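Asks: If you read the sequences in order, they're chains D and V. Anchor point for the first sequence: position 2 equals 1 in numbering that gives the first Met the number 0, and the numbering is continuous, going up by one each time. Anchor point for the second sequence: position 287 equals 286 in numbering that gives the first Met the number 0, and the numbering is continuous, going up by one each time.
Please keep in mind that the hints were generated in silico from the structure rather than gathered at the bench. Check each hint, because a few of them may be wrong.
[As the list claims (entries may be wrong)] Calculated lysine to aspartate or glutamate pairs in the DMTMM-like style (CA-CA distance at most 20 Å, straight line):
1. V:Lys603 / D:Glu348
2. V:Lys678 / V:Asp663
3. V:Lys603 / D:Glu339
4. V:Lys37 / V:Asp670
5. V:Lys190 / V:Asp280
6. V:Lys246 / V:Glu149
7. V:Lys177 / V:Asp110
8. V:Lys603 / D:Glu109
9. V:Lys678 / V:Glu61
Bear in mind the structure is a predicted one, so any value in this text is a computation, not a measurement.
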Amino acid sequence: MMSIKQFLGMRTQQELLTSHDIVHPKRIMNKNLWTIEALREHLQWAVDVELYTIPFYMSAMYSVIDQASEARRLVRSVVNQEMLHMQCAANIANAYGVDLHITAPHYGKEVPHLDFTENPNQPTKVFSPYSTQIGPMDVERINTMCIIECPGELSPATLNPKSDEYASIGEIYNAIRVGAAILKDCISANVNQVAHFQSTYPQVSSLTVSKDGCEGLTQVNGLIDLIVDQGEGAAWPDEKINRDVPIEQRFEDYQQEQLSPEYQNHVDDIQPYWDHFQKFTYLRKQTLPETFPLNFGSPRGLQNQQILVSHFGHFLQLMNIVFNPIYQQQLAKENGISVEQVQHEAGAEFGTTMYKVGAAIAACWENGVVPVFSTSQSQTEQ
Amino acid sequence: MSQSIFKIHPAIGIARVGNSSEYYLAPESIAAMPQPGKPCDPTTGGLPIRPGTENTIIKSSEFRDACGAFKRQAARFRIFAYPEEEVEKYPAANGEEIKIGSVIDGKKVVDIVWSVHLANKKCSWFANDDDHGAVAYDNGATPTLRNLREGLDPYNGERLKKLIIDAGPRVLKGCNGKVEFSPNHIASIEKNAEIQQLPDYPQSFPYMHFEQLETPQGRIDSLGEMETDSCGRLIVAGGYGKSNAWKLDAKDKVQINNPVNNDQWFDDTSDGPVNATVQFDDGTTATVFGGWVVVTDPSYAPQTLNVVSLFDEAYDLFLRELDLDPAIFSNGQFNPNYQPAFDDHIKPIFRATAQQLWNAYLPSFAIDAHNSVDSISADDNPDETILAGLAYIRQPNAGKQASWRSQSIDVGAPLMPLALGDSSPAGGKPFLSPTVSQYHALHCWSNHQYKKSTDNPLGAGEYLDRATLQNCLGGRFSPGIDMTWVIREPSMYVNQWQQGAGPFRIHHKTLDYAAVSNQTLGYRAPLLTLGWIPRHEDVEHLGLEPGDATKFMALPWHADYNSCAIHQTSPNTQDSQTLYWSWPAQRPVTVYTAQDYKDSQIAKDRHGLPPQRYSVRGSGTVPGENSPTDSGNLANAGRFWQYSEMLEKWNDIGVIVQASIIDDGECYPDDVYLEVESKLEGKTPELKQPTPWPMIAGNETAINKKR
Chain D
0 MMSIKQFLGM
10 RTQQELLTSH
20 DIVHPKRIMN
30 KNLWTIEALR
40 EHLQWAVDVE
50 LYTIPFYMSA
60 MYSVIDQASE
70 ARRLVRSVVN
80 QEMLHMQCAA
90 NIANAYGVDL
100 HITAPHYGKE
110 VPHLDFTENP
120 NQPTKVFSPY
130 STQIGPMDVE
140 RINTMCIIEC
150 PGELSPATLN
160 PKSDEYASIG
170 EIYNAIRVGA
180 AILKDCISAN
190 VNQVAHFQST
200 YPQVSSLTVS
210 KDGCEGLTQV
220 NGLIDLIVDQ
230 GEGAAWPDEK
240 INRDVPIEQR
250 FEDYQQEQLS
260 PEYQNHVDDI
270 QPYWDHFQKF
280 TYLRKQTLPE
290 TFPLNFGSPR
300 GLQNQQILVS
310 HFGHFLQLMN
320 IVFNPIYQQQ
330 LAKENGISVE
340 QVQHEAGAEF
350 GTTMYKVGAA
360 IAACWENGVV
370 PVFSTSQSQT
380 EQ
Chain V
0 MSQSIFKIHP
10 AIGIARVGNS
20 SEYYLAPESI
30 AAMPQPGKPC
40 DPTTGGLPIR
50 PGTENTIIKS
60 SEFRDACGAF
70 KRQAARFRIF
80 AYPEEEVEKY
90 PAANGEEIKI
100 GSVIDGKKVV
110 DIVWSVHLAN
120 KKCSWFANDD
130 DHGAVAYDNG
140 ATPTLRNLRE
150 GLDPYNGERL
160 KKLIIDAGPR
170 VLKGCNGKVE
180 FSPNHIASIE
190 KNAEIQQLPD
200 YPQSFPYMHF
210 EQLETPQGRI
220 DSLGEMETDS
230 CGRLIVAGGY
240 GKSNAWKLDA
250 KDKVQINNPV
260 NNDQWFDDTS
270 DGPVNATVQF
280 DDGTTATVFG
290 GWVVVTDPSY
300 APQTLNVVSL
310 FDEAYDLFLR
320 ELDLDPAIFS
330 NGQFNPNYQP
340 AFDDHIKPIF
350 RATAQQLWNA
360 YLPSFAIDAH
370 NSVDSISADD
380 NPDETILAGL
390 AYIRQPNAGK
400 QASWRSQSID
410 VGAPLMPLAL
420 GDSSPAGGKP
430 FLSPTVSQYH
440 ALHCWSNHQY
450 KKSTDNPLGA
460 GEYLDRATLQ
470 NCLGGRFSPG
480 IDMTWVIREP
490 SMYVNQWQQG
500 AGPFRIHHKT
510 LDYAAVSNQT
520 LGYRAPLLTL
530 GWIPRHEDVE
540 HLGLEPGDAT
550 KFMALPWHAD
560 YNSCAIHQTS
570 PNTQDSQTLY
580 WSWPAQRPVT
590 VYTAQDYKDS
600 QIAKDRHGLP
610 PQRYSVRGSG
620 TVPGENSPTD
630 SGNLANAGRF
640 WQYSEMLEKW
650 NDIGVIVQAS
660 IIDDGECYPD
670 DVYLEVESKL
680 EGKTPELKQP
690 TPWPMIAGNE
700 TAINKKR
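All chains should be built: construct the whole structure from the sequences, respecting the hints.
Replies: In structure tokens, the structure reads:
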């Protein structure tokens, strides 16, 4: 049997857990500049951003004491969709031949590949104070969630033409949409496509890219629609923006139309019609839920942090295997087994490890410490 | 010399209906846990015992008789002697079984006189009120009466006489005796350790009162029989799974259109007291703290442990309300230093989690996760396990004593157990949660405050009490299968259990059998009354009559068994279409058949398992095909479209057992649990293969291909 632990030789847990410098993207405004390399780079960024949200949101969610609280349930519904979004982004990436690398997000600094200060809706001013440090469900975290999910604008004219960075998740996906269309002939169908969550969204025709060319592009666009629609909702069209009111008021007036029916989660979402931005701006107006008290320096808590880092490192390894067919091939070769066996064994560990990560986050809060997801951060905490 | 006291074990015995005249003995080990005294046996507990043996478990071919009929499960009762204590503790642990010929306190046991009285009061009782459960009996209230056509006064003697099935009492002594709970045998009682016949006892069966009966599997004319074995133990086998309905006129076609309340119907489940007198060679006798027998639905998955069992419910009640163990709980709170034993209090919950896959359909990642739960040992650091922080355990409904933080939680996945709770649109529990005591034990474990194994083991008799109830369904009392929410009612039990009776013993109402003989000939008033009414101060302290434990259950039971496969939650504030399991351990939804498992032509998944099939399958179970209004809703899959079909097919359902006891000549691994002995063949439903979580209800969701 292959041991995922033996994967250390290829991408060690330590390497995956170590914080890396954030890549500042080169925003592509001109269609003529799209190359397959640029598109692949964008798709890697998309996966990075999706992954970034998951530990951040999960940590806030598990800090809430009451299992049944509205806050916990709303954020859980978002976390589940972020997992879906990461899967969708990875599926698109694999369709375009990206050699995906999934490493630990580094919290406390910038959200990777995005500069929210360039968002004309100015979320960093409205949703303040904010913090990208992992933390409990508090004002800073909720504001950060609002910033991350804040809609951009449709009109490129309102974007800063001099900026090199994308100002919202929606904008980065709009760029990918353009590049993907130009490079539709580069789509390879059925490359390492993952299709969890289909039962939750039975009306979504496909969660994978199973066609080449134009048909494949339709699927790619469908996946982008899902990500953007569930996340920040449709970008604000000009006619819906009252520029005569202060920017803060625009958010107060924000009335997103219902999510498209196919993207609504009627399995277990208590607000299936709301996108992430709506959920978070709603939570921002509510009384903060009771969260676990911190107990700095608790020896057991420090041990809980180390356990979480270990589980998360293992999970990063598994995600690399599950989402990267190149790793699968290398592992198969090194272990003298088939790629199917690699997929089988990684798949067998994936769900359990994912649950262990969630449990370890909960245990951190129960024992009064902040969850940590990277080695350097863990060392800092200690 | 100290005197011994005597008790019947199990305190509550569970017999189960079958349509065969033969029976096997009820399991005396806990489902999914190691068999006592057999640590190296790969076959886990919960399996029935071959009659005539001490503890030889049956093989798969022994669930049916030579004619293919489904055997009944008989309850075996024993008497244990305990040294008399001023104040009894639990566990007492020092009991010793006595049989005819045993010597105790210097005296030889020369005979044991057993008394049992079985009755079925469902028909005369109130409708099961899912909306309120026990609360429906608060403040002197009662739910609506069943069978109002037979009179509005629940206490009316004529009404009770017609609607109660009362076989009357029977007595046996000696070895290898047998007497039936039917008019073939005269009722009898014990008097001065002898059998006194009661020829005038007003036995009552439906055919005695109703001329026109529908009898799908024959007339109900017996509630079973009692026997003594070769050493004087008692064996009680119950009814045959029959249901009878009386017609209002010759044209009346009696309907079954409700899962739990159907007027004009009887079934032949029953319950009643079990008593004994021990006779010694010096001419003296000793009374025995009595037990109770409950005859209920068959168990089709005897080795699947319920996450919340009847034992867990009873233990929680006794611990928190009846001073079971002040070292654990006293003065309204748990002892902060209490350390639950991993093997005793924690492991069963983990084992139960892992067993659910054999009767419910789970996606692969859930099976992996459940296996990860099952793999947790006492040596593991809880913080490193998949249950660290109890992140996935649903906190118990607050209730009146609970100290846990949340109220009723209607959060489904990923919280466990992912089964439905006590149904109630009026404010019940949408999902099952561990009992408060279970959750507390888990919480202690999670905080590293536990011991690996118990240093306070149960005695053999106490183990029988526990195993019997732990193999039964707790939670999801809507109304349940084996017993319902009455298990949570303190007034049902002998409250002063420390005075010799021990815990979990039902309080018997004293019946005046002499009054029967004193009646004049002609009209015979029924001895049994409306009986025990929970939360009615005037009667609840009097104890239970025969029939009082099962009268809260569905009528006929077949209808509820058919219905309770998968449902939406209730309450369902989100109007969610998601379906969850009712009672997968007692009412399997989907199964892996042994036939499919050994068929090399059928592809297996990464767990080595074939696709599942519905436990209830075949013609009549195919949504979308049964009537113009049957829309192909997945909520209707795996059950008969017509409730009435279950009346004649319940005995065709297969049994899920560990492969180690399947004696079909094939070789199987020990750790799979497969369905055998199903006779539900015929048309293969063109249903969607049981698809992984989540299951979503709605039109055509059950159908693979649109027609």
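Asks: A separate judgement is required for each hint: does it hold in the structure or not?
Replies: These are the hints, each one checked on the structure:
no. : hint                : result
1   : V:Lys603 / D:Glu348 : 19 Å, holds
2   : V:Lys678 / V:Asp663 : 16 Å, holds
3   : V:Lys603 / D:Glu339 : 15 Å, holds
4   : V:Lys37 / V:Asp670  : 16 Å, holds
5   : V:Lys190 / V:Asp280 : 18 Å, holds
6   : V:Lys246 / V:Glu149 : 13 Å, holds
7   : V:Lys177 / V:Asp110 : 15 Å, holds
8   : V:Lys603 / D:Glu109 : 47 Å, violated
9   : V:Lys678 / V:Glu61  : 15 Å, holds
Hint violations for this structure: number 8 only, all remaining hints satisfied.
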